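There are 2 protein chains.
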Amino acid sequence: MNFSSKLLEDAVNEFSQLPGIGQKTALRLVLHLLNREPEEVERFGNAIIKLRQEIKHCTICHNISDNEICEICSSAKREKEIICVVEDTRDVMAVENTSQYFGVYHVLGGLISPMDGIGPSDLFIDTLVQRVSTTPVKEVILAISPTMEGDTTIFYLYKRLKAFQIPITTIARGIAFGGELEYADEITLGRSIVTRVPYENSILK
Amino acid sequence: MNFSSKLLEDAVNEFSQLPGIGQKTALRLVLHLLNREPEEVERFGNAIIKLRQEIKHCTICHNISDNEICEICSSAKREKEIICVVEDTRDVMAVENTSQYFGVYHVLGGLISPMDGIGPSDLFIDTLVQRVSTTPVKEVILAISPTMEGDTTIFYLYKRLKAFQIPITTIARGIAFGGELEYADEITLGRSIVTRVPYENSILK
Numbered sequence: 001m002n003f004s005s006k007l008l009e010d011a012v013n014e015f016s017q018l019p020g021i022g023q024k025t026a027l028r029l030v031l032h033l034l035n036r037e038p039e040e041v042e043r044f045g046n047a048i049i050k051l052r053q054e055i056k057h058c059t060i061c062h063n064i065s066d067n068e069i070c071e072i073c074s075s076a077k078r079e080k081e082i083i084c085v086v087e088d089t090r091d092v093m094a095v096e097n098t099s100q101y102f103g104v105y106h107v108l109g110g111l112i113s114p115m116d117g118i119g120p121s122d123l124f125i126d127t128l129v130q131r132v133s134t135t136p137v138k139e140v141i142l143a144i145s146p147t148m149e150g151d152t153t154i155f156y157l158y159k160r161l162k163a164f165q166i167p168i169t170t171i172a173r174g175i176a177f178g179g180e181l182e183y184a185d186e187i188t189l190g191r192s193i194v195t196r197v198p199y200e201n202s203i204l205k
Numbered sequence: 001m002n003f004s005s006k007l008l009e010d011a012v013n014e015f016s017q018l019p020g021i022g023q024k025t026a027l028r029l030v031l032h033l034l035n036r037e038p039e040e041v042e043r044f045g046n047a048i049i050k051l052r053q054e055i056k057h058c059t060i061c062h063n064i065s066d067n068e069i070c071e072i073c074s075s076a077k078r079e080k081e082i083i084c085v086v087e088d089t090r091d092v093m094a095v096e097n098t099s100q101y102f103g104v105y106h107v108l109g110g111l112i113s114p115m116d117g118i119g120p121s122d123l124f125i126d127t128l129v130q131r132v133s134t135t136p137v138k139e140v141i142l143a144i145s146p147t148m149e150g151d152t153t154i155f156y157l158y159k160r161l162k163a164f165q166i167p168i169t170t171i172a173r174g175i176a177f178g179g180e181l182e183y184a185d186e187i188t189l190g191r192s193i194v195t196r197v198p199y200e201n202s203i204l205k
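Here the protein sequences come in this chain order: R and E.
Quick note: the working numbering has the first sequence finishing at residue 205, numbered continuously throughout.
Quick note: the working numbering has the second sequence finishing at residue 205, numbered continuously throughout.
Please keep in mind that the hints were generated in silico from the structure rather than gathered at the bench.
Hints may be right or wrong, so weigh each one.
A pair holds if it fits inside one copy or across any two, identical chains being indistinguishable in the list.
Under the rule of at most 27 Å between Cα atoms (straight-line distance), these lysine-lysine pairs were calculated in the BS3-like manner [unchecked claim]:
{"hint": "1", "residue 1": "K159", "residue 2": "K6"}
{"hint": "2", "residue 1": "K80", "residue 2": "K162"}
{"hint": "3", "residue 1": "K77", "residue 2": "K50"}
{"hint": "4", "residue 1": "K56", "residue 2": "K162"}
{"hint": "5", "residue 1": "K50", "residue 2": "K138"}
{"hint": "6", "residue 1": "K50", "residue 2": "K6"}
{"hint": "7", "residue 1": "K6", "residue 2": "K138"}
{"hint": "8", "residue 1": "K56", "residue 2": "K24"}
{"hint": "9", "residue 1": "K50", "residue 2": "K162"}
{"hint": "10", "residue 1": "K50", "residue 2": "K159"}
{"hint": "11", "residue 1": "K6", "residue 2": "K56"}
{"hint": "12", "residue 1": "K77", "residue 2": "K138"}
Everything numeric in this text was worked out from a predicted model, so none of it was measured.
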């Protein structure tokens, strides 16, 4: 692209390094910012810089936090003996949005993926084992996506945790609510028949 | 959304005010920035702030510029007596990318659009008339999108400029190169038959 201004070019190049944003979209975003008030743009830029400089990770669950211990881990209302293991912060937010879970979390920071060179030692698995071995834990819920990497991670976590003899559960898999049977994939539909549940158990109490 | 961090929430909210970026995309972009080096993120934030604070508009053509007079208007290589009138900076870049134009520009800053409350006085039309009346001009090219607003603006500009008795041209309209006739809309195809050109004129010299 032929930029008439070095400042413009710099800003467009920075934006186009973000995932899913090409040069044309970056230019559109930058020209949009040029039409905003200088104070607004300054607030935008500073929010990003401040975020990166000041953000912490909770020392207990590794979730993104403003403090050493995150709000969930420090809340008196949360059940500390139930740990929900998730891949990343987005999954914590997804589970929190359901308003159905009142325990605490453990953020792995990724999934085991030999293809991408990510092994168990790259994730916060040792600290999970430590939490389970040093604090009283009643249940570990593995809320991990049922993908290849997810299943590998679940299997590894299960092997590491089963010695502690506490219940290890995974989130229920099956046909999504509102989903049509005829459009479901064979594996999901097949497994959901094999792992069918009594009607009374399928309804929310 | 349930954010575990106020810093995270602020950054996501700032991002989601950009056009075409919702909360989920904003979160993805922000989490991406969190994985980058702090210096990189600082450079990103500062590039945006600096752009908004220091950017200028060329006093001759109103294009975005780092200086009072833009690179194109101050270049000795450009033909100053041919003015290409465009809607905004993006169109200047589009024409520049063709490497087929060697005159100068005039950026209107928008198009006449009564629906959006944009009249001729909101655009840099008076300064264009002034350029034409005070400097020697051999041709005015109206490189404006053939939309409803574009055609209105072209008609208005033509009325304002015709008294100066200089050639006023518009960019050629017709079937795009590589376009298939059967998929062309009726208006474009119909007009391109009516305004057909001798074969010798249709090839690039």
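Now the hints, each set against the structure:
For the homomeric pair K159 and K6, neither the shortest alpha-carbon distance inside one copy (56 Å) nor that between copies (37 Å) is at most 27 Å. Taking the shortest alpha-carbon separations for K80 and K162, only the intra-copy value of 19 Å comes in at or below 27 Å, while the best inter-copy value is 79 Å. Taking CA atoms no more than 27 Å apart as the test, K77 paired with K50 passes in neither setting, with 30 Å inside one copy and 45 Å between copies. Within a single copy, K56 and K162 get their C-alpha atoms no closer than 31 Å, and across copies no closer than 65 Å, so neither meets the 27 Å cut-off.
Proximity of K50 and K138 under a CA criterion of 27 Å is satisfied in neither setting, with 38 Å inside one chain copy and 53 Å between copies. For a Cα distance limit of 27 Å, the shortest separation of K50 from K6 qualifies both inside one copy, at 25 Å, and across copies, at 11 Å. Neither within a single protomer nor between protomers do K6 and K138 lie at most 27 Å apart by alpha-carbon distance, with minima of 59 Å and 31 Å respectively. For the identical chains of this complex, K56 and K24 are inter-copy neighbours only, at 21 Å across copies versus 34 Å inside a copy, given an alpha-carbon limit of 27 Å.
Proximity of K50 and K162 under a CA criterion of 27 Å is satisfied in neither setting, with 41 Å inside one chain copy and 55 Å between copies. For a Cα distance limit of 27 Å, the shortest separation of K50 from K159 qualifies neither inside one copy, at 40 Å, nor across copies, at 53 Å. Within a single copy, K6 and K56 get their C-alpha atoms only as close as 34 Å, which misses the 27 Å cut-off; across copies the closest is 11 Å, which meets it. For the identical chains of this complex, K77 and K138 are intra-copy neighbours only, at 16 Å inside a copy versus 78 Å across copies, given an alpha-carbon limit of 27 Å.
The structure shown violates the earlier hints numbered 1, 3, 4, 5, 7, 9 and 10.
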